[in-house]
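A.B. asks: Reconstruct the complex from the two isolated chains, following the hints.
First to last, the sequence lines map onto chains A and B. The numbering used here puts the first sequence at residues 620 to 862. The numbering used here puts the second sequence at residues 198 to 429.
Derived from the structure by calculation, the hints contain no laboratory data. Since the model is a prediction, treat every value here as computed from it, not as a measurement. Idealized CB from N, CA, C, for every residue including glycine.
Label-pair distances were calculated between CB atoms; the ranges are:
#: 1; chain 1: A; residue 1: Glu667; chain 2: B; residue 2: Val366; range: 46 to 54 Å
#: 2; chain 1: B; residue 1: Tyr369; chain 2: A; residue 2: Lys840; range: 31 to 39 Å
#: 3; chain 1: B; residue 1: Phe202; chain 2: A; residue 2: Glu667; range: 45 to 53 Å
#: 4; chain 1: B; residue 1: Ser263; chain 2: A; residue 2: Met842; range: 14 to 22 Å
#: 5; chain 1: B; residue 1: Lys372; chain 2: A; residue 2: Gly786; range: 51 to 59 Å
#: 6; chain 1: B; residue 1: Tyr317; chain 2: A; residue 2: Phe628; range: 28 to 36 Å
#: 7; chain 1: B; residue 1: Val309; chain 2: A; residue 2: Arg770; range: 42 to 50 Å
#: 8; chain 1: B; residue 1: Glu330; chain 2: A; residue 2: Gly841; range: 37 to 45 Å
#: 9; chain 1: A; residue 1: Phe759; chain 2: B; residue 2: Lys372; range: 44 to 52 Å
#: 10; chain 1: A; residue 1: Lys704; chain 2: B; residue 2: Leu419; range: 50 to 58 Å
#: 11; chain 1: B; residue 1: Asp337; chain 2: A; residue 2: Lys660; range: 16 to 24 Å
#: 12; chain 1: B; residue 1: Ala416; chain 2: A; residue 2: Ile825; range: 16 to 24 Å
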Amino acid sequence: MGYLSSAFFRSFLIQSSWSFERMQSLGFFYSIAPAIMSIHKDKDDLAEAYKRHLEFFNTNPYMAPAIIGATIKLEEEGASGEDIKGLKAGLMGAYGAVGDSLFWGALRPLGAVAGVALALYGFMWAPIVFLIIYNLPHIFMRCYGIIMGYRMGTGVVTAIKGLDIPGKVQKIRVFTLFISGILLSALLYAVKGGVKGGSDIMLLFISLVLSVYGFYWGLEKGMRVEMLAVLAVGMSVVFGLFL
Amino acid sequence: MFEVFLAALVGAFISLDRTAFLQIMVSQPLVAGTLVGFLLGDPLTGLTIGSILELLWIGDVPMGSSVPPNETAAAVIATSISILTSRDTLAAQPSPIQIMVFSVLLSIPLAVLCQKVDIYVRSYNRRFVLNAERLLESRDFLRIGRENLKGLISFFFASFFSIFLLLGVGLYMTKVVYFLIPEPFLKGLFIAFCLLISLGTAVSIRTARVKRGAPVLFAGFLMGMVFMYFKD
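Extracted from the complex, chain B is given alone in its bound form (with noise of 0.2 Å):
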């Protein structure tokens, strides 16, 4: 219980980078993931949730209004929900390959869910610049700053109650369910780690948009394969 609430404050403070404060992308899964593992415990299983959800979204940009989904959320959740199921029932570490597809699994809707947040927060933030305008009026200026500070509360505690929500659900849920699966259905989720980074890649090769771009695409891949050779 207090490592989900921990996990939902350190994810709700990741989470101001989405848009409210600095921008530097700590909030991207790669990143929030392993910090989030780091957090507790298992940095290892972070990064490769991380990695899996990293690409998904890689398309979807804050342009003018559009809001993306939330991929910050999905990563803290996913890896949060992965850590503790395997920590606490298979004391393992790091997670084995077939419950993190599962916590990835289960956070690919959240991430929907948190951008309706999002969007409703940002409907929120409205009053914000309406108190702003009173206050020019009464000519109080000093106060007017704040309004946009107050801005930081509303996007903070939208993450940390539907972290906090969604993530306790999830896990408990995971806990029971995940086990309930029988054993032939779980083989096939390596393969699922596989295609859900190759969905990463195609997402990524498109987002390049490259035009006759298959020749660099095969030189990458003849030049990974030679670094591949040497590293081992």
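Extracted from the complex, chain A is given alone in its bound form (with noise of 0.2 Å):
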């Protein structure tokens, strides 16, 4: 299917042109022109095919092709446009709160840590783990997002249910606490050479401690990252100074 795979390849960008008041929706139109072109042969249903893609349009990026393919499949049986207007905007709302769950708000995490623990243990190959760590379940989803959508249409809402999102999102954050950990200890790792003695590394354990302990409360409370990163500084410079 000609078409199909143009649609995938175009959804890489589906935020190209992305503005507040329309969001995606002229990606959404770019990415499905081509099948759009090929499904209606006469002018004026073109015309309507046309205009209702270019209606407002926001989702997860990577969930996007799901939705894609299932709209495509929609167009090819001549659904009616209403039907297929209900489709885009029941799918989006669901798949977007979804796909940024498990991208934004639980993968992208655990590669950030993962790698920085490692660039810290020294390897220099340590954005190269992060960007496996994401981009795996990123262009599976894309692909098997726009295969299902298609194969699927309606159909397409049980398939990425099976997947069981929620659930991963779960394991995954714990998971993710679990690299914190490690990521604590690869920073005395990497510091270990500036002090020296056991009990020097005993105090910076504590020191190291007590510091996430206090910024954690502090982003608890509400403060600013900038404000704290900041702060921190501040007290390095004034602690420095009776060193």
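C.D. replies: Below is the structure:
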């Protein structure tokens, strides 16, 4: 299917003209345009179809191929404009929430924490590990999405439900916390050259735990991270004066 | 001067990954910093600065209409300033940790400034949808797709000009101001590196949002200590 693969590749550009007002509307249009042109031969039909795909649209970008696939299926079957609009509107909210929590809320922190921990252990290829952790599920979701969307049409909802994303998000978060622990010991490893003797390392460890706890408390109290960063540097400078 | 231009050019291409194209996370500080480091001949400095910046904004996500601080611009600018300052004035590679921390500190408000630029671009892009609607009215279908791609240009140039300008000014300023700081004030910046990483850790723990997660965190720490024991 020529236009299906074209829609897949074009979906990487779904946010190219992202704007507050219409968000991904033009990007969605761009992805689906070749398919629409092949499906609708009648000039008025074509104009009508184009018009409904330029309307407001926004979802998680990685989940978009699933919606695009399902939309193409419905267009091919000659479903009514109202049905197609309903499908898009229904899926974009649900998939947006589930995709955001999986990719932005869970996988990106996991990859980032693992990458930083490896970097502190001194591995130059840490960024590559981050990219792999994030992009294997990302690319899988795009491919699976467009295929299942096209194959199942409206039924794509059950296919995505079958992936049990909320359950996976929870597991990834626990794992992220575990890696955060590793990150703390990686920090000890990175700076232990700067201190001498076991008692100094113990002191360093205690101050690390206290500072993490302090920053956590500050964040919970609603302090901005930028402000805490400036505070951290300021405190260090003052402390350094007494060294 | 040429290197500032080059860093801004590459930085602007990397910045497209934030929103406009791919979104494979090469725009994350850990990756972007290392890439710019490679470009300027000092990947280790890029990796270190990327590590400091990576976790600070990991909880700020581009959901719905929210626009997070621009950590990509911060990573590109901080890495370039650190590498170029160290090389031109001290002939040092990798950068001394003090210069890295100084550049990171400088780049943090710039991330917020570039966030404002990002917000402006997203309002500016409105015109492309309006153009598309006009083309649809006049049934000029084949030119509509091009309007989507025009957004790439606005995203690219917004990043390019803001990185170029802020990096140029920041680099010039650093080369002067940094060497005016009295020695005792610089001693503590080594500690600042530890504190900034632990701030990042605090952000990531908070982002994980696991109830009663302390044992998990501790288990990870022990595991890391075991790993450290075997690595030496």
